[in-house]
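Asks: Generate coordinates for the entire structure from the input sequences, incorporating the hints supplied.
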Amino acid sequence: MTWDWGRAGEIAPELFTTGLKVTAQATLGAAVLAFLLGLVLALALRAPTRWVRLPVRVLIELIRSTPLLAQLFILYYVLPSALGITMGALTTGIVGLGVHYACYTAEVYRAGIDNVPKGQWEAAVALNLPRLRVWTSVILPQAVRKVLPALGNNLIGIFKESPQLALITVVDVLGLARQLGSEDFRYLEPLTLAGLFFLVVAIPSSILVRRLERRLES
Amino acid sequence: MNPCSSDLPGTVGEAMPFLCDGALVTAQATLGGAALALVLAFAAGLAMLSPRRLVRVPARVYMEFFRGTSVIVQMFWIFFALPVLTGYRLAPLAAGILALGLNLGAYGAEVVRGGVLAVPRAQREAAIALNFSPYQRMRYVIMPQALAAMLPPLNNLLIELLKATSLVSAISVGDLIFESKALINSGSDRAVVMVLVMVIYLLYAGLITAVMRLLERRMARMLGREVRPLWPRRRRRSAGGELTVAAGGAR
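One line per chain: the protein sequences are U and W, in this order.
Each residue of the first sequence is one higher than the one before, counting from 48 in our numbering.
Each residue of the second sequence is one higher than the one before, counting from 2 in our numbering.
Some hints here could point you the wrong way.
Restraint ranges, calculated between C-beta atoms of paired labels, are given here [as the list claims (entries may be wrong)]: (1) Leu83(U) to Arg61(W): 50 to 56 Å; (2) Gln124(W) to Gly53(U): 39 to 45 Å; (3) Leu179(U) to Pro153(W): 34 to 40 Å; (4) Pro153(W) to Arg104(U): 55 to 61 Å; (5) Leu67(U) to Leu9(W): 43 to 49 Å; (6) Ile132(U) to Gly11(W): 22 to 28 Å; (7) Gly188(W) to Ile254(U): 45 to 51 Å; (8) Gly11(W) to Arg104(U): 28 to 34 Å.
With the Cβ distance kept under 10 Å, some of the chain U side facing chain W (calculated, not the full set) [unchecked claim]: (9) Pro127; (10) Arg233; (11) Tyr234; (12) Val247.
Keep in mind the hints are simulated off the structure, nothing from the lab.
Each residue gets a CB set at the ideal place from its N, CA and C atoms; glycine is no exception.
Replies: Right, here's the structure in full:
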C-alpha cells in the first residue's frame, strides 16, 4: 500500500480544526501555568528560610527526574480516588504539563535572576526602593529579558510534549490522528499529517528563538 | 529480602512482581535506546564538524528533523505508519528503541559537537605541530578532552531518555507504565502502585547519575585533572558571609 491523497484530503480539515484547537489549548494553557508557577518556584528557591527552599528543591528534582506520563497518570487515575479531585482529561493534561514544565522554567528564571549584576541590587538599596518595587521594576524585567530565548525554547518544548496528553484520552492532533487511523486501520496518512504539523510549527519556531537569542546577545 | 517477591504485605506484594517485570523492560528500552542514541550522536555530531558540506548537511537535516517532533509522534509513526509503507512490522520494543535512539541521538549530536568545540584551539594546534595525523589528533588529543566535557550533558540526556521510555507503553510494550496501568485497571490501590512506580524511576535516575559521576571521575583522572569528590561537600554561607565548608555530606 502507498500514500492515499484522497484519504489525506478527507481527514486533513478535521485534524487541523478540531485537533489543532485542543493542541493549541493544551500548549497555551500549560505554558501560562508553567511560566507563572515557574516564577513562584524560582522565588521560593531564594526564600530566606530553608524550610521553604529545601522542600521546593526536592519537589523540583522529583518532578524533573520522573516521566511526565507517570505524573499524568497520578493526576488522572490517583487524584480522583485518593482525594476526590476529578478533572476533565484536557484540564488534567494542562495541569500535568504545566507543573512539569514549571520545574524546568524555575531553573531558567533562577539563572536569569542570578545573572542580574550585583550593582543593580545595590543601586535599588541605595535608592531605598521597597522590596516589591526592587523585584517588579529592577530585577525581574532584566532577568526575564535575558531568559526570553530559554522561555521560548520551553514553550516549544511544551508544544512538542503536548501529544503525550493523547495517552490520557485527550483528543489533540495526535489523539485524533490515532482515532482516524483506527477507523480503517490506515494509520499512514493521519499520523504523517500529524507529524508534519508538529515539524512545520516547531522548526520555524526554534529558528525564530535562535534569532531572538542572537539579537539579545548583540 | 527480594523486593520482587509476592510475599510482601498488601498492595506492595500484589504489585511488585509485575512492576519488576516492567522495570526490567524499562531498563532494556533505556539501554537499547542509549546504545543507538550514542552511535547516532557521535556519527551526526562529528559529521556536523566536517569541512565538507555533503557530510554536514545530512547530519544537520537528521538533527533538525528528529528534534522538531517529540518521541511519541515518531514512535507512533514508526510503529503504525511505517508498516503501511514497507509491509514489514517491527516488534513493539524494537520500534520503541528505534524511535528513542533516533530522537535522543539527535539531541546527543549537539552535545558531541559542543564537546569537541569546547576543546581549546591550542590543543589542536599543538597536535598539528607535533605532526599527529588527523586520526591521531582526534583519538589522542581532542576526543579524550571532549568526552570529559560531554559527560555532564550526557547525564541529563540519559535521564531524558529514561523518562521517554515511559512512552513505549503506548505501543503496548510491557514497561513500568504499562504494568502500572494494568494493575490500576485490575483494581489495585492506585496511589500505592504509582508511588512504587515513581520510586523505581527515581532509583533508575539515581543509578544513571551515579554511573556517570564515576565515569567523570575516571575521565578526570585519565586527563590528570583534579578529581571531584564523589559526594560534593555543601558550601554554606556562614554568618560573616565567607564561604565555609560544612562537615555534613563528607563520606
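Asks: Work down the list of hints and note, for each, if the structure agrees.
Replies: These are the hints, each one checked on the structure:
1. Leu83(U) to Arg61(W): 50 to 56 Å: violated (36 Å)
2. Gln124(W) to Gly53(U): 39 to 45 Å: At 59 Å between Cβs, range violated.
3. Leu179(U) to Pro153(W): 34 to 40 Å: At 37 Å between Cβs, range holds.
4. Pro153(W) to Arg104(U): 55 to 61 Å: violated (19 Å)
5. Leu67(U) to Leu9(W): 43 to 49 Å: holds (47 Å)
6. Ile132(U) to Gly11(W): 22 to 28 Å: Roughly 24 Å apart at Cβ, these two residues keep to the hinted range, so it holds.
7. Gly188(W) to Ile254(U): 45 to 51 Å: Because 50 Å falls inside the window, the suggested range holds.
8. Gly11(W) to Arg104(U): 28 to 34 Å: Between Gly11(W) and Arg104(U), where Cβ atoms are some 32 Å apart, the hint holds.
9. Pro127: holds (9 Å)
10. Arg233: holds (7 Å)
11. Tyr234: This hint holds: Tyr234(U) lies near chain W, its Cβ roughly 4 Å from the closest one there, short of 10 Å.
12. Val247: holds (9 Å)
In the structure shown, a violation is registered for the earlier hints numbered 1, 2 and 4, in ascending order.
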